[in-house]
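Protein sequences appear in the order of chains A and B. 204 is the number that this note's numbering gives to position 204 of the first sequence; each next residue is one higher, with no gaps. 188 is the number that this note's numbering gives to position 188 of the second sequence; each next residue is one higher, with no gaps.
To be clear, the hints were calculated from the coordinates, so they are not data collected in a lab. This one's a predicted model, so the numbers in the text were calculated from it and none came from an experiment. Incorrect hints may appear among the rest.
Since the list gives no way to pick out one identical chain from another, each pair is judged satisfied if it fits inside one copy or across any two copies.
Here are the computed lysine to aspartate or glutamate pairs in the EDC-like style, where the Cα-Cα straight-line distance is at most 20 angstroms [unchecked claim]:
| # | residue 1 | residue 2 |
| --- | --- | --- |
| 1 | Lys295 | Glu9 |
| 2 | Lys194 | Glu157 |
| 3 | Lys194 | Asp242 |
| 4 | Lys230 | Glu47 |
| 5 | Lys230 | Asp168 |
| 6 | Lys230 | Asp8 |
| 7 | Lys194 | Asp8 |
| 8 | Lys295 | Glu47 |
| 9 | Lys295 | Asp8 |
| 10 | Lys230 | Asp291 |
| 11 | Lys295 | Asp182 |
| 12 | Lys295 | Glu45 |
| 13 | Lys194 | Glu208 |
There are 2 protein chains.
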Amino acid sequence: MSSQREFDEFSITEEVINTFRNCGNPRLQQVMTVLVQKLHEAVREVELTQAEWEFAIGFLTRTGQICDERRQEFILLSDTLGISMLVDAINNRAPAESTQSTVQGPFHVQATPPAELGANIDTLPGGGEPMWVDVNILDLEGRPIVGAEVDVWHSDENGFYDVQYGADAELTRRARFVTGGDGRVYFWSSLPAKYPIPDDGPVGQMLEAVGRHPFRPAHLHFWVRVAGYKPLVTHIFVRESDYLDSDAVFGVKDSLIDDFPRHAPGTAPDGRVMETPYRTLNWDFRLPRLDQLPKAA
Amino acid sequence: MSSQREFDEFSITEEVINTFRNCGNPRLQQVMTVLVQKLHEAVREVELTQAEWEFAIGFLTRTGQICDERRQEFILLSDTLGISMLVDAINNRAPAESTQSTVQGPFHVQATPPAELGANIDTLPGGGEPMWVDVNILDLEGRPIVGAEVDVWHSDENGFYDVQYGADAELTRRARFVTGGDGRVYFWSSLPAKYPIPDDGPVGQMLEAVGRHPFRPAHLHFWVRVAGYKPLVTHIFVRESDYLDSDAVFGVKDSLIDDFPRHAPGTAPDGRVMETPYRTLNWDFRLPRLDQLPKAA
Chain A
1 MSSQREFDEF
11 SITEEVINTF
21 RNCGNPRLQQ
31 VMTVLVQKLH
41 EAVREVELTQ
51 AEWEFAIGFL
61 TRTGQICDER
71 RQEFILLSDT
81 LGISMLVDAI
91 NNRAPAESTQ
101 STVQGPFHVQ
111 ATPPAELGAN
121 IDTLPGGGEP
131 MWVDVNILDL
141 EGRPIVGAEV
151 DVWHSDENGF
161 YDVQYGADAE
171 LTRRARFVTG
181 GDGRVYFWSS
191 LPAKYPIPDD
201 GPVGQMLEAV
211 GRHPFRPAHL
221 HFWVRVAGYK
231 PLVTHIFVRE
241 SDYLDSDAVF
251 GVKDSLIDDF
261 PRHAPGTAPD
271 GRVMETPYRT
281 LNWDFRLPRL
291 DQLPKAA
Chain B
1 MSSQREFDEF
11 SITEEVINTF
21 RNCGNPRLQQ
31 VMTVLVQKLH
41 EAVREVELTQ
51 AEWEFAIGFL
61 TRTGQICDER
71 RQEFILLSDT
81 LGISMLVDAI
91 NNRAPAESTQ
101 STVQGPFHVQ
111 ATPPAELGAN
121 IDTLPGGGEP
131 MWVDVNILDL
141 EGRPIVGAEV
151 DVWHSDENGF
161 YDVQYGADAE
171 LTRRARFVTG
181 GDGRVYFWSS
191 LPAKYPIPDD
201 GPVGQMLEAV
211 GRHPFRPAHL
221 HFWVRVAGYK
231 PLVTHIFVRE
241 SDYLDSDAVF
251 GVKDSLIDDF
261 PRHAPGTAPD
271 GRVMETPYRT
281 LNWDFRLPRL
291 DQLPKAA
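Isolated chain A (complex conformation) (with noise of 0.2 angstroms):
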């Protein structure tokens, strides 16, 4: 005779943990683990209902079916609860004079195209405001790092990054610099805007029936990779953009927020003469070398 199982609202947590008792991966078994405690003690918690429970189960189908090549919808998700820039955290705890990182977000592209420093890398220009863009790249002593690679992407003036306008879109406001031995990266592209995550699909339900906007603030995407440094993926934020408080995806961070300031028509600083205003952005990045970080626990 085997014996039966018997449990009640409070004893199945217990029951079910043990089923992960012979799981071969330990790591598994204890992300399993914390899982179903997680989501019982949150089931329990609000006494999930009968309704609430099917609710729940469609509109994870949905989330799942309306993800394609191009788009992801539990990203999407994952992002708006906060998770995104939760694990974001955890896994970049670097010494406190360390630029901040933050989400990568979803329109990376592989095939960033290389572009010579100094270039103009919108080539596309419509009617976004000029930017000179100057940035450093630098190890926590202050001192230049050589031959790191930084890719760079952005949206327009209306908030799309190139990819959104169709799968035969043109690459454009992106770009892979390589830092010579002055650690250097600078280039003139245009100010980019605010934006809304796309909210068409069962994220933007959800968000719409929390009482939330869709909305990220205006910024530049940065990724930083060099040998025996930690990576670095970070936007850098427009300080006059709306939404720097409420950011849909959590992204925002005080230390990366700059005035991307104005300026009047004239000799630009790479010698160009603009007959148009125009902005610029001059930041220090600073990496720690990987024999800095935290040890892991």
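Chain A is already provided as a structure; the job is to place chain B on it using the hints.
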């Protein structure tokens, strides 16, 4: 000037919860608040890595994308993590004398065919042993309930339900009865068998990865509905079946197991002369009136 956001891996949770403050639906606000709290606690407790987060996004996406009109993988996920049975327990609190509930499962159909008391509902008999079922629908005082609608459904001797044989398969081993003045439901069918839940998708991969099998012990489903009483969704399990102590969906309760005794060829309880051995199930289902239920908190 708007104030910006600034938070770390601990304070981000309060930031996210605070965005629900304008939710017009207090219940939704409560559910979302607890969900975010518990999911963030889980991520912090295991220190989820970026690679694990990416795996989780992919797992949820695949789980949604394998769903169609005949398959609901998120229900399987909920079932195999004990969440369905937890929701069932919370929503079916009843006096101790009541018959216990268990999960409905995915194989009930709206178009369950009506049947006459005494009929054989296995219209496509295979190799399964004949089974005589004779049950009473009673109130908590032991009095017969008249006019109760009783849906019955179960697998064949190979563990498959009719609907698993294709979209055009004939509905069988399922029926809807209505109790008369004696509260009885009685019919012939054939003994069901253990079976695996569908395990060729993400949930099957999860079960394998954590070292679990996908099987459910043999059982009959009952769904009893009658005005003025709490509806009852439950199974009766076959005591000799494997997996009573390890049902993949945690549906077994000690009080829902019967011997299904085997009888030698001869005259069956309804007078039919059996030339082969046969099984019997006798059972009393006890339903509380709505006014006998515990009050909601």
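For the identical chains here, do Lys295 and Asp8 meet the 20 angstroms Cα criterion within one copy, between copies, both, or neither?
-> between (42 angstroms within a copy, 18 angstroms between copies)
Is the C-alpha distance from Lys194 to Glu208 at most 20 angstroms within one copy, between copies, in both cases, or in neither?
-> within (19 angstroms within a copy, 45 angstroms between copies)
Go through the copies and call it for Lys194 and Glu157: within, between, both or neither, with a Cα cutoff of 20 angstroms.
-> within (8 angstroms within a copy, 62 angstroms between copies)
Pop the pair Lys230 and Asp8 into one bin, within, between, both or neither, using alpha-carbon distances up to 20 angstroms.
-> between (48 angstroms within a copy, 19 angstroms between copies)
For Lys194 vs Asp8, is the C-alpha pair at or below 20 angstroms within one copy, between two copies, both, or neither?
-> neither (50 angstroms within a copy, 24 angstroms between copies)
Checking Lys230 and Asp291: alpha-carbon separation at most 20 angstroms within a copy, between copies, both or neither?
-> within (9 angstroms within a copy, 65 angstroms between copies)
Between the shortest in-copy and the shortest cross-copy C-alpha distance, which are at most 20 angstroms for Lys194 and Asp242: within, between, both, or neither?
-> For Lys194 and Asp242, the Cα distance is within 20 angstroms only inside one copy (7 angstroms; across copies 60 angstroms).
Is it within, between, both, or neither for Lys295 and Glu47, if the alpha carbons may be no more than 20 angstroms apart?
-> This pair counts as between: shortest inter-copy Cα distance 14 angstroms, intra-copy 41 angstroms.
Can you tell me if Lys295 and Glu45 fall within 20 angstroms by alpha carbon in one copy, between copies, both or neither?
-> between (36 angstroms within a copy, 17 angstroms between copies)
For Lys295 vs Asp182, is the C-alpha pair at or below 20 angstroms within one copy, between two copies, both, or neither?
-> neither (30 angstroms within a copy, 73 angstroms between copies)
Classify it for me, Lys230 with Asp168: is the Cα-Cα distance of at most 20 angstroms met within a copy, between copies, both or neither?
-> This pair counts as neither: shortest intra-copy Cα distance 34 angstroms, inter-copy 59 angstroms.
Pop the pair Lys230 and Glu47 into one bin, within, between, both or neither, using alpha-carbon distances up to 20 angstroms.
-> Intra 44 angstroms, inter 18 angstroms, cutoff 20 angstroms: inter-copy only.
The structure fails to meet hints 5, 7 and 11 from the earlier list, while all remaining hints are met.
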